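There are 2 protein chains.
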Amino acid sequence: MSVTDELLANAERYAESFSKGDLPLPPAKGVAVVACMDARLNPYGVLGLEEGDAHVIRNAGGVITADERRSLAISQRLLGTREIILIHHTDCGMLTFTDDAFKADIQRETGLKPDWSAEAFTDLDEDVRQSIGRVKADPFIPHTDQVRGFVYDVTTGRLREVKP
Amino acid sequence: MSVTDELLANAERYAESFSKGDLPLPPAKGVAVVACMDARLNPYGVLGLEEGDAHVIRNAGGVITADERRSLAISQRLLGTREIILIHHTDCGMLTFTDDAFKADIQRETGLKPDWSAEAFTDLDEDVRQSIGRVKADPFIPHTDQVRGFVYDVTTGRLREVKP
Chain A
1 MSVTDELLAN AERYAESFSK GDLPLPPAKG VAVVACMDAR LNPYGVLGLE EGDAHVIRNA
61 GGVITADERR SLAISQRLLG TREIILIHHT DCGMLTFTDD AFKADIQRET GLKPDWSAEA
121 FTDLDEDVRQ SIGRVKADPF IPHTDQVRGF VYDVTTGRLR EVKP
Chain B
1 MSVTDELLAN AERYAESFSK GDLPLPPAKG VAVVACMDAR LNPYGVLGLE EGDAHVIRNA
61 GGVITADERR SLAISQRLLG TREIILIHHT DCGMLTFTDD AFKADIQRET GLKPDWSAEA
121 FTDLDEDVRQ SIGRVKADPF IPHTDQVRGF VYDVTTGRLR EVKP
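If you're matching them up, the sequences are chains A and B in order. Per full-length UniProt numbering, the very first residue in the first sequence carries number 1; after that it's consecutive. Per full-length UniProt numbering, the very first residue in the second sequence carries number 1; after that it's consecutive.
For reference, chain A alone in the conformation it holds in the complex (with noise of 0.2 Å):
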């Protein structure tokens, strides 16, 4: 059995006892969250979302690149959203390669480079700066004076604020 199945079976139990079968599409909360993909930083235990609170948006190292701002602009345009999270954490994977070094090392493997930018960072408050800041630019996104950052502590469960 694969995990995935696995998984399946878990699914199976969460519908037995489903009982929030009509939450509307837009988010009771307003807010989109956007946090790195890693498996120790779970929003909902977190934030205490509940379905149907929050849209939630996550990559490798829960950066800015341009299908954020795609989901950014859809959450806010369509879906009314109005105020941004953004989340990274302490021990992430992006602080242990840099992005040349990963995209050489696909090259070398399969013969071909990568054809995006791996996203790595130094500095985890930097890069949350750098997001708040990607977010901000975006000519697209029209609701940014509530974006705040954050980096998650993978050793104690807290959020600490990084300031502008």
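Please keep in mind that the hints were generated in silico from the structure rather than gathered at the bench. Misleading hints may appear alongside valid ones.
Unchecked claim - Pairwise CB distance ranges, derived in the manner of DEER restraints:
1. B:T96 with A:A28: 45 to 53 Å
2. A:R129 with B:M1: 35 to 43 Å
3. A:D115 with B:A101: 34 to 42 Å
4. A:T122 with B:D123: 41 to 49 Å
5. B:D123 with A:T96: 37 to 45 Å
6. A:S2 with B:M1: 39 to 47 Å
What the hints assert, rightly or not - Pairs of lysine-lysine residues, derived as DSBU-like cross-links and limited to a Cα-Cα distance of at most 35 Å, are as follows:
7. A:K136 with A:K163
8. A:K136 with B:K20
9. A:K113 with B:K136
10. A:K163 with B:K20
11. B:K163 with A:K113
12. A:K113 with A:K136
13. A:K20 with B:K20
14. B:K163 with A:K163
15. A:K20 with B:K163
16. B:K136 with B:K113
17. B:K163 with B:K136
18. A:K20 with B:K136
19. B:K113 with A:K136
20. A:K113 with B:K113
All values reported here derive from a predicted model rather than from experimental measurement. Yeah, the Cβ is synthetic: ideal placement off N, Cα and C, and Gly gets one too.
Given the coordinates of chain A, assemble chain B onto it according to the supplied hints.
Relative to chain A, chain B alone:
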């Protein structure tokens, strides 16, 4: 008080009872999930995921763009995941507009045309298959023999697998 401040109070409570400070960086279950950002779709609840279990990647639609390919390459190459679970869902916002109309609206308002595809779609199952296909066609994601796609029903809480 902003909604963000309200969620930060939840984060304080999460930290006070936190007991998972020694989890390793690589996901315990070796799985990466790519799901829509929709507020009603809670991958932790649906799949029974705990902190430390899986990478969770999310965007508008749960579609595969360059940034998801980047995140999956990092997930597999640097952090050892081997299975991929793709989740779209019923009543998705991406079914309610077209790329051309959305981008024309933005251009009318801002004077600029977005430099990204909005990735809207008209058929859920077909877009899940499109996402599976994009993952399998990517030269930089090494393990694509375990890529399965699902549609989550927001009214019943049930996952349905999309057959290739």
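Hint-by-hint comparison with the structure:
1. B:T96 with A:A28: 45 to 53 Å: 18 Å, violated
2. A:R129 with B:M1: 35 to 43 Å: The hinted range 35 to 43 Å is violated for R129 of chain A and M1 of chain B, with Cβ atoms some 24 Å apart.
3. A:D115 with B:A101: 34 to 42 Å: 28 Å, violated
4. A:T122 with B:D123: 41 to 49 Å: 43 Å, holds
5. B:D123 with A:T96: 37 to 45 Å: Roughly 40 Å apart at Cβ, these two residues keep to the hinted range, so it holds.
6. A:S2 with B:M1: 39 to 47 Å: Holds: the Cβ-Cβ distance is about 45 Å, inside 39 to 47 Å.
7. A:K136 with A:K163: 15 Å, holds
8. A:K136 with B:K20: 34 Å, holds
9. A:K113 with B:K136: With a Cα-Cα distance of about 17 Å, the restraint between K113 of chain A and K136 of chain B holds, given a limit of 35 Å.
10. A:K163 with B:K20: At roughly 27 Å apart (the allowed maximum being 35 Å), K20 of chain B and K163 of chain A satisfy the hint.
11. B:K163 with A:K113: 32 Å, holds
12. A:K113 with A:K136: Holds - the C-alpha atoms of K136 of chain A and K113 of chain A are around 31 Å apart, at most 35 Å.
13. A:K20 with B:K20: Status holds; Cα separation ~28 Å.
14. B:K163 with A:K163: 47 Å, violated
15. A:K20 with B:K163: 27 Å, holds
16. B:K136 with B:K113: 30 Å, holds
17. B:K163 with B:K136: Holds. K163 of chain B to K136 of chain B sits at ~15 Å (cutoff 35 Å).
18. A:K20 with B:K136: Distance of about 34 Å is within 35 Å: holds.
19. B:K113 with A:K136: 17 Å, holds
20. A:K113 with B:K113: This hinted pair holds, its Cα atoms lying about 29 Å apart.
When held up to the earlier numbered hints, the structure conflicts with 1, 2, 3 and 14 and fits the remainder.
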